[in-house]
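Take a look at the letters that make up each chain.
2 protein chains.
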Amino acid sequence: MDRRTPRDFAARLDIALPIIQAPMAGFQDSALAIAAASAGALGSLPGASLAPPQLRTHVQAMRDAGARAVNVNFFCHAPPEPDAAREAAWREALRPFFEEYGVDPALIAGGPGRLPFGEEAAALVEELRPEVVSFHFGLPAPALLERVRRSGAQVWSSATTLEEARWLEARGVDAVIAQGVEAGGHRGVFLGAETSTQMGTFALLPQVAAAVRCPVIATGGIADAAGVAAALRLGASAVQVGTAFLRTPEALTSAIHRAALASPAAAVTALTNLFTGRPARGIVNRLMRELGPLSDAPPAFPLAVNALAPLRAAAEKAGSGDFSPLWSGQNASGARDAPAAEIVRLLGAGLD
Amino acid sequence: MDRRTPRDFAARLDIALPIIQAPMAGFQDSALAIAAASAGALGSLPGASLAPPQLRTHVQAMRDAGARAVNVNFFCHAPPEPDAAREAAWREALRPFFEEYGVDPALIAGGPGRLPFGEEAAALVEELRPEVVSFHFGLPAPALLERVRRSGAQVWSSATTLEEARWLEARGVDAVIAQGVEAGGHRGVFLGAETSTQMGTFALLPQVAAAVRCPVIATGGIADAAGVAAALRLGASAVQVGTAFLRTPEALTSAIHRAALASPAAAVTALTNLFTGRPARGIVNRLMRELGPLSDAPPAFPLAVNALAPLRAAAEKAGSGDFSPLWSGQNASGARDAPAAEIVRLLGAGLD
Chain Y
15 MDRRTPRDFA
25 ARLDIALPII
35 QAPMAGFQDS
45 ALAIAAASAG
55 ALGSLPGASL
65 APPQLRTHVQ
75 AMRDAGARAV
85 NVNFFCHAPP
95 EPDAAREAAW
105 REALRPFFEE
115 YGVDPALIAG
125 GPGRLPFGEE
135 AAALVEELRP
145 EVVSFHFGLP
155 APALLERVRR
165 SGAQVWSSAT
175 TLEEARWLEA
185 RGVDAVIAQG
195 VEAGGHRGVF
205 LGAETSTQMG
215 TFALLPQVAA
225 AVRCPVIATG
235 GIADAAGVAA
245 ALRLGASAVQ
255 VGTAFLRTPE
265 ALTSAIHRAA
275 LASPAAAVTA
285 LTNLFTGRPA
295 RGIVNRLMRE
305 LGPLSDAPPA
315 FPLAVNALAP
325 LRAAAEKAGS
335 GDFSPLWSGQ
345 NASGARDAPA
355 AEIVRLLGAG
365 LD
Chain D
15 MDRRTPRDFA
25 ARLDIALPII
35 QAPMAGFQDS
45 ALAIAAASAG
55 ALGSLPGASL
65 APPQLRTHVQ
75 AMRDAGARAV
85 NVNFFCHAPP
95 EPDAAREAAW
105 REALRPFFEE
115 YGVDPALIAG
125 GPGRLPFGEE
135 AAALVEELRP
145 EVVSFHFGLP
155 APALLERVRR
165 SGAQVWSSAT
175 TLEEARWLEA
185 RGVDAVIAQG
195 VEAGGHRGVF
205 LGAETSTQMG
215 TFALLPQVAA
225 AVRCPVIATG
235 GIADAAGVAA
245 ALRLGASAVQ
255 VGTAFLRTPE
265 ALTSAIHRAA
275 LASPAAAVTA
285 LTNLFTGRPA
295 RGIVNRLMRE
305 LGPLSDAPPA
315 FPLAVNALAP
325 LRAAAEKAGS
335 GDFSPLWSGQ
345 NASGARDAPA
355 AEIVRLLGAG
365 LD
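Those sequence lines, one after another, are chains Y and D.
Here my numbering is used: the first residue of the first sequence is 15, the next is one more, and so on.
Here my numbering is used: the first residue of the second sequence is 15, the next is one more, and so on.
No wet-lab data here; the hints were simulated from the structure.
Mixed in with the good hints, there may be bad ones.
[To be verified] Where chain D lies over chain Y, by a calculated footprint (3+ residues, C-beta under 8 Å):
1) 175-187
2) 204-217
3) 230-243
4) 246-253
5) 282-288
6) 340-352
[Said to hold, decoys possible] Non-contacting residues of chain D with respect to chain Y, defined by C-beta distances greater than 12 Å in every case (computed):
7) D16
8) D22
9) G40
10) Q68
11) C90
12) P94
13) A98
14) R163
15) D188
16) L219
17) R247
18) R300
19) P307
20) S334
21) A346
Even for Gly, the Cβ is constructed at its ideal location relative to N, Cα and C.
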C-alpha cells in the first residue's frame, strides 16, 4: 500500500474522501465538522479556540454523529512574555479608533489569549483519542509530542517552506500540510518570521512533495473540483480546505464576515499581523489599510487580540467589519451559502 | 472552434504546443527562442533589452530557423522623471558597498535604462510583423496599441489581479497572462503598486479564467509536466515558463546566476524593488538581506539600475552575486542544465 496515494491516505483514516475540512479557530465547532464528515471528508475541531471541556463535548458530538475519524488541531506557539511598552504602543496606535467608537481603553481585558498545546491538552488527547492531531506553528515539546504519538493519533503539522517541511519530517510527522501563501487565516510559519519569502501553493506543494517521503496535504487556494484535481496533480495526497466552508450554515462565521466573503472585497486579501500579532491572511479592511497590514505596532501573538476586542465589538455592533479579522484565502470563489456537505461534494468531484 | 482550448490556442499560432518560452530581458536572445521553438513552443524575444536593430536581427534569425510564430515582448511603464534627491539617497544607501568594492560613484552612468514601447518599437512591429506582441506593465497608449493590432499581431498582457485582468479584457487583448506571485522577474502589476495583495497562481489563475472570456496563459511556479497539467486543470489555455529555461545553454544567464539557481539558495526568493525600482522576484542575496527586499531607497523604475551597475560588475568580477538580480521564480526545480528543447519536451508531457 502506498500511503501517499489519495485513496490509501483516506483508507488509513477510514474516511471516504481525502478532503480535510480545515480547523478554523473561532469560526466553527462540531456542527461544521459533523456536516463535512457526513459527506465523507475529515472533520476538524480547533483546539485553539475550544477549551478542553468544550473540546470533549464536541469530539463526543462527532462520535455520536458517526464520524469515522476526528482531527483536533492545536497551536504550539511559545507563549509571549507580556511587554508593557509594546502593549502601550499598540494601544496608542489604536487610540484614534477607540475615540471614534467611544471605547474606554480601561475596559480592555488582559489574559493570555490562545493557549498553546500543553499538559491539559495532552491529557485530553489521551482521553479522547482523536485519529489525527494536527499542529500549527511547529510541534510541541518532545515529551508532549510523544504522548500524542502513544495515544495512537497521526501527527500532522503545517509547513510554509521546504525547510519547515524537512524539519517536520525529521521529527517523524505522519503528514506535512503544505500551506501555500494563498491560504486564509494564520500562516503556520515557525522557522523564522519572514513573510516576504512565503511560497504559493503552485511552487510549494510539488517541491515539498519531492522533499519528504510522508504524505503531503495541500492547502491554500483550493476552492473547487478543479483545485482539488490540480493539487493532486502537483503531488498532494489530500487537500485541506477552509475558506470554502466559511459561508456554510454550519460555520460560526459572523454575518459581517459572510457578507465580505460574498462581496468583490474578497478578491483583495493580504497577510496581516494586526489582529493577533502573527501573520494571517484576511480581506483587506480599514484597520489593515490605515496601519499597514504588516506592522511593528502589535504585541506578540496572541496578545494583540486583547486591545482590539472591544473596538471590534463596538464596530461590529455598528454593522462594520473595519476592525474584525475577516480571514479568507485568496480564492473565496468556492465559499458559497450552501451546506458543508454540498461543498464537500463539489470538491470531491475533483478526485476522479 | 473554442479558442480557449489548449489545442486551438496553439493551432491559431501554428505552433505544436501551448507552451510559451517567457521573454526574459537581459537573459536571452534568439538562441533561446529558436531552441524552444524547435521543440514546438512559442519562442519569445525581450524588446526591453534588445534595441530595435538587434530585435530586427533576432526576429530574422528566428524566421531563418523556421520558427512558425514569434512573440516580441515590450515593457510599457511610464518613464520616470529623474529625481536628484532620490538618486542621491539611493547612492548614499549603497555607499558602504561602493567603499567595500572600491567603486567610484562618479563613474555611475546616467541614462534612461529600459525604454517603454514607443514610436520606434511600433514601426518595428509594423515592419517585422511578429505573430504576438506581449506587454508587461499594462498596455501602451491607444494609438500605439492600435498600430500593433493593425499589424496583425495578437496582443497579450500580464495581469496580477482580477482587476488588471478585467481592465485588459476591456481593452480587447487577445489573451491575458495570469502571473502568479510565484513568477520570477518583474511583476506585471500596473494598477496600483501594492505587493502585499499579489496572488498565488493557484488562486489567481482560476479566478481570472472565470472573469474573462479570452484565453488565459498561466505563469508562475510552472516547472514541469505536472505543473503544466495542473495549470490546464485550473483553466489555462497555455502556460508561460521562464525560470526553467535559465540554466539552458541557449540562455545568456551568468555563471553566478546559474550556480545560484542550482543551489539550495534558490528555495528562498523574495519580491524586491532594489535592482530596478519595480518589484521583481529573485533569489535572496546580500543586497536584499541588508537593505530589505522592498525599500523606499531606490529611485523609480528603471533608474535604480544605474547606480548598482558598477557595484554589480565589481562584485561579479570577484565571483559574487551579492549585488546581482538573481531572478528566479519560487519553483526553480525545473531549471536544469539541459538544452531548451529538452525542457520543452519535459513540459510538453503534461499536455496529455
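So, going through the hints one by one against the coordinates:
Using a Cβ-Cβ cut-off of 8 Å, 3 residues of the segment 175-187 of chain Y lie near chain D, which meets the minimum of three, so the contact claim holds. Taking a C-beta to C-beta cut-off of 8 Å, the segment 204-217 of chain Y contributes 7 residues in contact with chain D, enough for the three needed, and the coverage statement holds. With 8 residues having a Cβ less than 8 Å from any Cβ of chain D, the segment 230-243 of chain Y passes the three-residue criterion, so the hint holds. Counting residues of the segment 246-253 of chain Y whose beta-carbon sits less than 8 Å from any beta-carbon of chain D gives 3, enough to reach three: the coverage restraint holds.
Using a Cβ-Cβ cut-off of 8 Å, 4 residues of the segment 282-288 of chain Y lie near chain D, which meets the minimum of three, so the contact claim holds. Chain D is given as covering the segment 340-352 of chain Y, and this holds because 4 residues of the stretch bring a CB closer than 8 Å to a CB of that chain, at least three being needed. With a cut of 12 Å on Cβ distances, D:D16 stays outside the contact zone with chain Y, its closest approach being about 17 Å. Against the 12 Å criterion, D:D22 stays outside the reach of chain Y, whose nearest CB is about 19 Å from its own CB.
Every beta carbon of chain Y lies more than 12 Å from that of D:G40, the smallest distance being close to 23 Å; the non-interface claim holds. With 12 Å as the threshold on Cβ separation, the claim that D:Q68 sits away from chain Y holds: the shortest Cβ distance comes to roughly 33 Å. Once the 12 Å rule is applied to beta carbons, D:C90 is consistent with being away from chain Y; the minimum gap is 24 Å. With a least beta-carbon separation of about 24 Å from chain Y, D:P94 lies farther than 12 Å from that chain, consistent with its non-interface assignment.
Its beta-carbon lying about 28 Å from the closest one in chain Y, D:A98 satisfies the requirement of being farther than 12 Å from that chain. Every beta carbon of chain Y lies more than 12 Å from that of D:R163, the smallest distance being close to 29 Å; the non-interface claim holds. Interface exclusion of D:D188 from chain Y stands, the closest Cβ pair being 24 Å apart, more than 12 Å. Annotated as non-interface, D:L219 brings its C-beta within 12 Å of a C-beta of chain Y; the closest such distance is 8 Å.
Interface exclusion of D:R247 from chain Y breaks down, the closest Cβ pair being 4 Å apart, not more than 12 Å. The beta carbon of D:R300 is kept farther than 12 Å from every beta carbon of chain Y, the shortest such distance being approximately 15 Å. D:P307, annotated as away from the interface, has a beta carbon of chain Y within 12 Å; the closest lies near 5 Å. Listed as outside the interface, D:S334 is consistent with that label: its C-beta sits roughly 21 Å from the nearest C-beta of chain Y, beyond the 12 Å cut-off.
For D:A346, the shortest C-beta to C-beta distance to chain Y comes to about 9 Å, within the 12 Å cut-off, and the non-interface label is violated.
In summary, the numbered hints that this structure violates are 16, 17, 19, 21.
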